[in-house]
Amino acid sequence: MKVKIKQWNAVAQWRWDTGNKDAADDEEGDVCGICRVPFEGCCPSCRVPGDDCPLIWGECSHVFHMHCLLKWIGTAASKQQCPMDRRPWATAERRVDNAPPPTT
Amino acid sequence: MARNGLRYQVATKWQDSFRRFNQREPGISGLIAFSQAWDVATEFLKPRNINEPLPPRQYTQAVRAALDVIHKSKRLPTLIETFLSQVESLFYLIQQEVDQFMIEYTADLDVGIISKMVYRVHEWMKEWTPATELGAAFQSVYINFFQTHLFSILPESFSSAFKDLIASTLAPEEEGEALKQDHQIWSTFDALGFIDRFESLIASVGYEHIERHVLETCTGQWGEPMLTPTRDWMTAKIVPWMIHVYGRNITSTEEARAMLAGVGSRFDFHMAKTLCDLRTREIFDIIIDFPDSEGALKDLKECLQRVDQRAALVQSLRQAHRKRLLHPGADTKLILSQYVATIKCLRIVDPPGVLLFKVADPIRRYLRDRPDTIRSIVANLVGDDDSGDALVDETEPPRPLQAAEIEDYSDPNWEPEPIDAGPDFRANKPSDIISTLVSIYDSKDFFVKELQILLAQRLLAAGDDQSDKVEKERRNIEILKIRFGEAALQVCEVMLKDMTDSKRIDQHIQSQQASVIHPAIISKHFWPALESSEILMPGQLKELQDQYTAEFTKFKPDKRLRWLTHLGTVDVELEFEDRVVEALVSPLEAAVIELFSEQSEWTLDDIAKRVGLSQPNILSKAVNTWLDLGVLASAGEGIYRVLEVSAGKGAEAKDHVHRPTTVEVEMPPVVSVQQQQAEQMRVYWKFIEGMLTNLGALPLDRIQTMLKFAPGYDRTITQLAGFMEAARREDLVTVRDGMWKLNK
Ligand SMILES: [Zn+2]
Ligand SMILES: [Zn+2]
Ligand SMILES: [Zn+2]
Chain A
0 MKVKIKQWNA
10 VAQWRWDTGN
20 KDAADDEEGD
30 VCGICRVPFE
40 GCCPSCRVPG
50 DDCPLIWGEC
60 SHVFHMHCLL
70 KWIGTAASKQ
80 QCPMDRRPWA
90 TAERRVDNAP
100 PPTT
Chain B
0 MARNGLRYQV
10 ATKWQDSFRR
20 FNQREPGISG
30 LIAFSQAWDV
40 ATEFLKPRNI
50 NEPLPPRQYT
60 QAVRAALDVI
70 HKSKRLPTLI
80 ETFLSQVESL
90 FYLIQQEVDQ
100 FMIEYTADLD
110 VGIISKMVYR
120 VHEWMKEWTP
130 ATELGAAFQS
140 VYINFFQTHL
150 FSILPESFSS
160 AFKDLIASTL
170 APEEEGEALK
180 QDHQIWSTFD
190 ALGFIDRFES
200 LIASVGYEHI
210 ERHVLETCTG
220 QWGEPMLTPT
230 RDWMTAKIVP
240 WMIHVYGRNI
250 TSTEEARAML
260 AGVGSRFDFH
270 MAKTLCDLRT
280 REIFDIIIDF
290 PDSEGALKDL
300 KECLQRVDQR
310 AALVQSLRQA
320 HRKRLLHPGA
330 DTKLILSQYV
340 ATIKCLRIVD
350 PPGVLLFKVA
360 DPIRRYLRDR
370 PDTIRSIVAN
380 LVGDDDSGDA
390 LVDETEPPRP
400 LQAAEIEDYS
410 DPNWEPEPID
420 AGPDFRANKP
430 SDIISTLVSI
440 YDSKDFFVKE
450 LQILLAQRLL
460 AAGDDQSDKV
470 EKERRNIEIL
480 KIRFGEAALQ
490 VCEVMLKDMT
500 DSKRIDQHIQ
510 SQQASVIHPA
520 IISKHFWPAL
530 ESSEILMPGQ
540 LKELQDQYTA
550 EFTKFKPDKR
560 LRWLTHLGTV
570 DVELEFEDRV
580 VEALVSPLEA
590 AVIELFSEQS
600 EWTLDDIAKR
610 VGLSQPNILS
620 KAVNTWLDLG
630 VLASAGEGIY
640 RVLEVSAGKG
650 AEAKDHVHRP
660 TTVEVEMPPV
670 VSVQQQQAEQ
680 MRVYWKFIEG
690 MLTNLGALPL
700 DRIQTMLKFA
710 PGYDRTITQL
720 AGFMEAARRE
730 DLVTVRDGMW
740 KLNK
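Same order as they appear, the protein sequences are chains A and B. Here the first sequence is numbered in numbering that gives the first Met the number 0, starting from 0 and rising by one per residue. Here the second sequence is numbered in numbering that gives the first Met the number 0, starting from 0 and rising by one per residue.
Only chain B is shown next, with the shape it has when bound in the complex:
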C-alpha cells in the first residue's frame, strides 16, 4: 500500500511540473513556446557594453508575454541567475575602466577623476539594471550582486582616493559651491552602496574636518567661550553634510531627530573631545593669561562634563609645572602667583576642588622647601611686592584663616566627594586664597614672625615723615588681624605704638632743645631679633646722642636709652675747599667720615678701634662708600685720606658746588625666621651627629624620635627634614633610600 501511495505522489508531481513548462497547453506545444519566451527574455535583459552603439531597450508586448511564460513556469529564478552570470562575465569592462581611472588619479591626485569614475560606474550599473517591470525583488538582487562585484574589483588604493573625494565635499568654506554642486554625487554614492560600505571612512572625514576647524579657530583663543560658536558652525556646516550621509532615507522630522541624536551626538562628542584635548594641552598658558582666559576655562568645564579627561588634565598640568614652574630658575613670586592663578582657574573648571587638590600638592611641597616663600607671601600680603601683582583680590574682604575643616555631615549643603577624589582628598570647603597659602606650612606662626620682620624693616627704613607710613602700616595690620587673629599680631601693635610714642617724645624733646637726631625708640621684646653690633659714635655724633639722651631722661626719668647704631640713616653734608657733597648714609658711614673731619688721614685699623668694630668687612664697605663718592682716596695699604680737592676734576667740581649724592641705604639687617630656625636647629646638630656616629644610617622619623630626648627639642619632622636637607647641601650628611648617614 505504501509503495503504491508513493508512486502516485511522484507521478502527480511530475505531471504538475510538466504542465507548468507546457503552460497547460495541449501536447508539447507549451514547451516550445517556453523556449522561445526564454530567448526573448534573456535577449531583453542581456547586459551590454555601453561603449557600443545601443538601441534602446523596448519593453514590448512580446517581452511582457515571454516574461509571463517564464513566470508561470516558475523559472524566473533561473532567468535571474542566467542574467547575473552574464553581468559577471561583462564586469571586466568596468574593471578595465576603473583601473584606467585609478592610474590617472595616481598621476594627478585630482579627486575630479574619482568623481568621474563614480558617475561612470553608475552609468554601467544603470544600463544593466533590469526593467522596473520585472519587480523590485529582481532589481534588488541585481543591485546587491553588482555592488558586491564592484567592491571586489576596486583596488586597495581606492579607499584613500575615495576619502579625498569625500573630503572635497567638506571643502573649506570659501569653496562652498562645491558642496551644493555635488549634491547628486551623494545619491550616486548611495546607489553604488558606497555610503554603507565606507561608513566609518566617511565619518572619519567628518571627524578630521571638525578637528581641523577646532584647531584653526580655537587655538590660543581663550577670551571668549568657543564651544557655542563651534556648535553654531557645526549646525551650519556639518549638519547639512551629515544629512547627505546619514539622512538619505529620512522622511519625517522624528527620524531626523533620531538621526541627529545618534550620529549628531557622536560628532558633537568628537568636537568636545577635540576642544578638551586642545585646552588640556594649553592649560598652563591659559592659567598664565587668567583672568583674560576665562572663556577657555568655561569651555573646559563644559567639555569635561561631556568627555572624561580629568585625569589627562591633571597629568598635563603637573607635567607643565614640573617643566616650566618648579625649577630653580623660577622666581618664588612667580611660582606663588601661578599657584594662585591655578587655584582660581581650577575653581572655575572644577568647583569641588578635586583637580586642584591633585595639581596643587607638588607646588605646595616645592614652595615649602623654598627659603623665601614665607617672605614673598607676607610681602604680598602687606602690599610690599614690587611686582604690583597682588595675590589677593582687593575686592575680596579679608577673612579669618580657615583651618582644614572636618566634614560636617549634618550640613544641608554636604555633598559626597567626587568619585575621582582619592583617599587623601580633604573636602575643600571654599577657602580664601590667603588661607590656602598659609596652610602650605604647619603653623601660621612663621607668617606672624615674618610679618613682624617685614614691618620692622619698613618702619625703620629711612623717611622724612614717618606718620603717614605708620598710619598705612596700621591699616595693614588691622586687615591682617582679621586673618591671623588679634593676639597673634599684638607685637605688631606694640611696634606701631612705639613709632607713635617716639614721635610724641621727639616733639617734646625738640621743643626743649632742637636736635637733628630723631630716634625711633623701640620696645626691646616686641621687635624682631635685630642683629646687634656695638658701634661707638665719634665726635659730634656722640654729642648728638648724649644731648638727646639727657633730654629723654629728663622727660622719662625712669627710663634709659640704648642706641642701636647699626640701624637708621644719617643725612650728612660735607664741605670741602672746592665742593659740597651731600649723602644719605648709615650711622657707621657717618661715623667713619666724622673721624676724617678730626684728621685727614686714617688707617683702617685705627678706624676699627675708634668705632669699636671688629668686623673688617663691614668697615671696608663703609669706607668704600666714601671712596666711591670721591670723598676719600686710598693713600697706601689700608690708609685713607680725605680728598679736600676733588681728584683731577677740581675746576669742574667747583661749577657743581652743591651736588647731593644719595647712597642706597640697605635694609636693617634683620634675621629672617628661617635663618633663626636654622640657627636654633644647629644646637641639635651635635645630637644628630652623635646619634649617626653611634647608630649608623637612620631614617628621618627615627632621628626625630631620638631628638625628642634632647632638652627643649620641639621641632616638627618637617622642620627636621628641612634642616637635614640643609646639612646635606653642606655635605655634612648624605641620604640614600631615606636613610641619613654622616658624610665622612
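Looking at chain A on its own, in the form it has when it is part of the complex:
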C-alpha cells in the first residue's frame, strides 16, 4: 500500500523564539516582566498579538514586549535601566538561531 497525502489542513500555534530552547513546548510560556502578560499575548496598549506587538531583547538577556519596555524607558523612574536587573538597558541584536528551531 502506498499512502499519498493530497491535502492536509493542519493547525499550528506560533510561539516567539525567545531562545529558551529548554522550555517544554506545552508549558505555559514566559510572561513579560513588565505587564505580566504572556509574550504570545499582547501588551496592554495593543489588541493584536504577534508582529504588531513584537518583543525586545536586552543584552542582559531579559525579554519584554517592546511596547512595554519603551513605555518603561520613557518614564523618569526607569533611569533607562532594565526593570528586572536595574542594569542600563541595551537592546540586543535580534538573535537568529541558524540551527533549525526545535519543532514537534
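A few of these clues could be false.
[Said to hold, decoys possible] Within a straight-line C-alpha distance of at most 35 Å, the following computed DSBU-like cross-link-like pairs (lysine-lysine) qualify: (1) B/K297 - B/K322; (2) A/K1 - B/K468; (3) B/K73 - B/K115; (4) B/K343 - B/K502; (5) B/K555 - A/K70; (6) B/K555 - A/K78; (7) B/K523 - B/K608; (8) A/K1 - B/K322; (9) B/K496 - B/K322; (10) A/K3 - B/K236; (11) B/K608 - A/K3; (12) B/K558 - A/K3.
[Claimed, not checked] The following label-pair restraints were derived from C-beta to C-beta distances: (13) B/P361 - A/S44: 45 to 55 Å; (14) B/A528 - A/R35: 14 to 24 Å; (15) A/Q79 - B/R701: 34 to 44 Å; (16) A/R35 - B/K468: 27 to 37 Å; (17) A/D29 - B/P698: 38 to 48 Å.
[Claimed, not checked] Short derived list, chain B residues pointing at chain A, Cβ under 8 Å: (18) L459; (19) Q489; (20) Q512; (21) V515; (22) I516; (23) A519; (24) L540; (25) V569; (26) E574; (27) F575; (28) M680; (29) Y683; (30) W684; (31) F686; (32) E688; (33) M690.
These aren't lab readings, by the way, just hints derived from the structure by calculation. Predicted model only: the values in this text are computed from it and were never measured. Idealized CB from N, CA, C, for every residue including glycine.
With chain A fixed as given, assemble chain B with the ligands onto it according to the hints.
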C-alpha cells in the same frame, strides 16, 4: 253629645249604602234590580269549557245595563272575585290538557308539542278574558290571576321542555325559516307571561347558542381575527332574536338603543368571554403557530380588555409549559424557539409585558439549568443552527445588549405599572429578543466564551478554501460586536486575523516550496482552550511538517511553530494492488495508516508507542476507521494488517478502482464553557466536602459564604447551585429542604 253625633254618622252611612244597592230607586225596587243585574253579569263573564259548543258572547244592551248597575252599587270588586273563583274552579280543565301534552312530549321530545300546548293554553286564556268593555283594570287582574295559576300547575319538567322550545327558535342557520314562522309564538309567550317568568332561562338559551357558535367557528381558526365576524353574526342572528325577547315593548329608537346597551352588552360580554376562554385553552398551540396565528392574538388582546381573564391566561400557559415544554424530552432549541415565540406573542396581547414576565420566569429558570442552552443561543446567533429557524428576525437591526433598566420617572413616556404587575415585575422596557435571551444568565461573558468556542470550531473545520468562510464569520462578528461590545469580541477579531495571516503566510511559503500542508497558524491565548494531545507524526507526515516549519522560520525568523496534531484534516489517497481508496481523515488516522505503509502489520501497542498516544480508546477509534473502510483487517488480538487485496471482493473492487470515501470528521475537541466551569469548580469540591463533614448539613448561602474564604473563589451563588446540583446527580451529596449534606 258625643254619642248622638256617632249615632248620626252610622245612620247616614247605612242609608248611603242602601241607596247605592237600591240605585237610588224608591223602596226596594232597586235592590231587586241589582240582583237581576248580578245574574246577567256573572252569566256574561262565566268562564266556559272551550271543548263544548260555545255560542258567542254578546255584549248586549242588557249586559251593559247590568254592569252599570253593579258599578253604581260599587260591587264591581265582588263581581271580579266571583269571576276569578269561577276561573279557578275550571282550571283543572287546563291542567288536564297540560298534563296530556307533557306526557306526549316526554314520549316524543318534539318541541312542536310544547308549542301546540302554549297556543292551546293561550286559547283558554283568551276565551276567559273579560270583555274589553269591562276596563283595563279588570283584564289585568284576570291576566295576573290566570298566569299565577298557570305557573302553579305547570309540572317541573316544563322548564326544560320550554328551554328546548326556545332553543328551536334559535335553530341552526339552515332552518332559518323556523325563526320567522314562529314570530307569533313570541307574542303568545308574552301573553302568557312566560318571557318575564323564564327570563333567565331564555337568556341562557341565547348564551349557549353563542357559545356553540363561537366554538364551532373559532376553534383552531387563528389566522384572522374572529371577533369582528362573530360580532357581525350576532348582529345578524342574535339581535333580531333579542328583539323578540326583550324588545316587545319598544316603541322608540332610544328605547331600542337602551335595550341593546343593556342586554346587548351582556350578550356581547358573554361572546367575548367564550372566545377568551377558548383562546386561553389554545394559547400554547397558538404560540407554536405564530406568526400564522396573529389574528387569534389580536382577538385575545381585545377580549382581555373586556373580560378579566389575565390570571387564567397566565395559569393556562404556565401549565402547558410545564406539561409540554419544560421536560427532559424537549430539545433545547425547541424550548428556546417557543420561548421566543412566547415573547413575541405576549407582546401583542399585553404590550406592558406583565403577562410575559409571569409566564417567562419558569422557562428562564429551566433554560438556565440546561447544559446546552448557551450553545444553542449562540449557534442561533451566528446562523449555525441546522433547524434554520432563526430566533432573531433578520429584519430587526442588531442593537447593543440592554440591561434591565432602572425606572426613569422623568421619562415623558413613563407609565405606572399595571395593577397586576406584582412586586418582582421589572418595568419591561422594549428590549430585543437577544438581550432577553442573554439576560437568562447573570453575565454575558458565558456567551462570549461560547461564541469563541463556536467560532474556533467553525474556522478550524475542514474546507478547501477558507477565505469565503472567514469573510462570512467576519461579518457575523461585526454584527455581534454591536450586541456584545467591541472589547468583548476582541479575541474573535484576533482569531479571524490569524486565519487571514495564515493564508498570507501559506501563500508565501507555497511560493518558496509547494507543499500539501496548509496550516492555520493560531495565536495561543486568543483561542479557546483546545484540548491538547501529543501525537507524533510518522514518516512523510513528519517530513511535511518539518519542511513547512523550516520555510516558516525562514519567513518569520523570530517565531517557532508548534503543530496541534489532534486538529485539522488530511485528505489521503491509498493505493493498493487492486484499488485506490481516498479518504478525508483526522491527522491521527493519517498517522496510523502511514505506519501501515512502512510495514503491513502492527500491534495496537506498537502503534501507540510510535504516535506517542497513551489513550487506547482514541487510538482504537482511529484504527476502526480503517477497518470500516476495508483498508485494515484484524489479524488476531490487538493485531492489524493491511488488506492489500480487497477482502473477498477483489474482482469487484478492481472495477471500481477509484472509490473516494469520505469519513465524517469530528469537530475539534473543544472544551465548552460549562465543562470548564465544572472543572474549575471541582477545585473547590474539597472545601465543600470538608465543610459538610465538619458542620453537617448546610444551606446553599452558607456554603457560598464559607467558600468566599477559599483562595480565588469568585463564583456566584447560581453557579454554586449548578455545581451542587451536578454533585447531587453524581450522588456525592443529597439535598433536603434546602439543606445540603454529604452522601455517605
Ligand atoms: Zn508586556
Ligand atoms: Zn504592544
Ligand atoms: Zn535585564
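Hint-by-hint comparison with the structure:
1. B/K297 - B/K322: 26 Å, holds
2. A/K1 - B/K468: 33 Å, holds
3. B/K73 - B/K115: Cα-Cα ~41 Å, so violated.
4. B/K343 - B/K502: Violated. B/K343 to B/K502 sits at ~43 Å, over the 35 Å cutoff.
5. B/K555 - A/K70: 25 Å, holds
6. B/K555 - A/K78: 33 Å, holds
7. B/K523 - B/K608: 28 Å, holds
8. A/K1 - B/K322: Violated. A/K1 to B/K322 sits at ~59 Å, over the 35 Å cutoff.
9. B/K496 - B/K322: 48 Å, violated
10. A/K3 - B/K236: 84 Å, violated
11. B/K608 - A/K3: 23 Å, holds
12. B/K558 - A/K3: 30 Å, holds
13. B/P361 - A/S44: 45 to 55 Å: Because 47 Å falls inside the window, the suggested range holds.
14. B/A528 - A/R35: 14 to 24 Å: 20 Å, holds
15. A/Q79 - B/R701: 34 to 44 Å: Between A/Q79 and B/R701, where Cβ atoms are some 56 Å apart, the hint is violated.
16. A/R35 - B/K468: 27 to 37 Å: Holds, since A/R35 and B/K468 (Cβ atoms, about 35 Å apart) stay within the stated range.
17. A/D29 - B/P698: 38 to 48 Å: Check passed, 45 Å falls within 38 to 48 Å.
18. L459: 6 Å, holds
19. Q489: 6 Å, holds
20. Q512: 15 Å, violated
21. V515: At 5 Å from the nearest chain A Cβ, B/V515 passes the 8 Å test, so the hint holds.
22. I516: 4 Å, holds
23. A519: With Cβ-Cβ at 5 Å, under 8 Å, it holds.
24. L540: 7 Å, holds
25. V569: 5 Å, holds
26. E574: 4 Å, holds
27. F575: 5 Å, holds
28. M680: 21 Å, violated
29. Y683: Given a least distance of 22 Å, the restraint on B/Y683 is violated.
30. W684: Hint violated; B/W684 Cβ to chain A Cβ min 24 Å, cut 8 Å.
31. F686: 25 Å, violated
32. E688: 29 Å, violated
33. M690: The hint is violated - B/M690 has no Cβ within 8 Å of chain A, the shortest such distance being about 31 Å.
In the structure shown, a violation is registered for the earlier hints numbered 3, 4, 8, 9, 10, 15, 20, 28, 29, 30, 31, 32 and 33, in ascending order.
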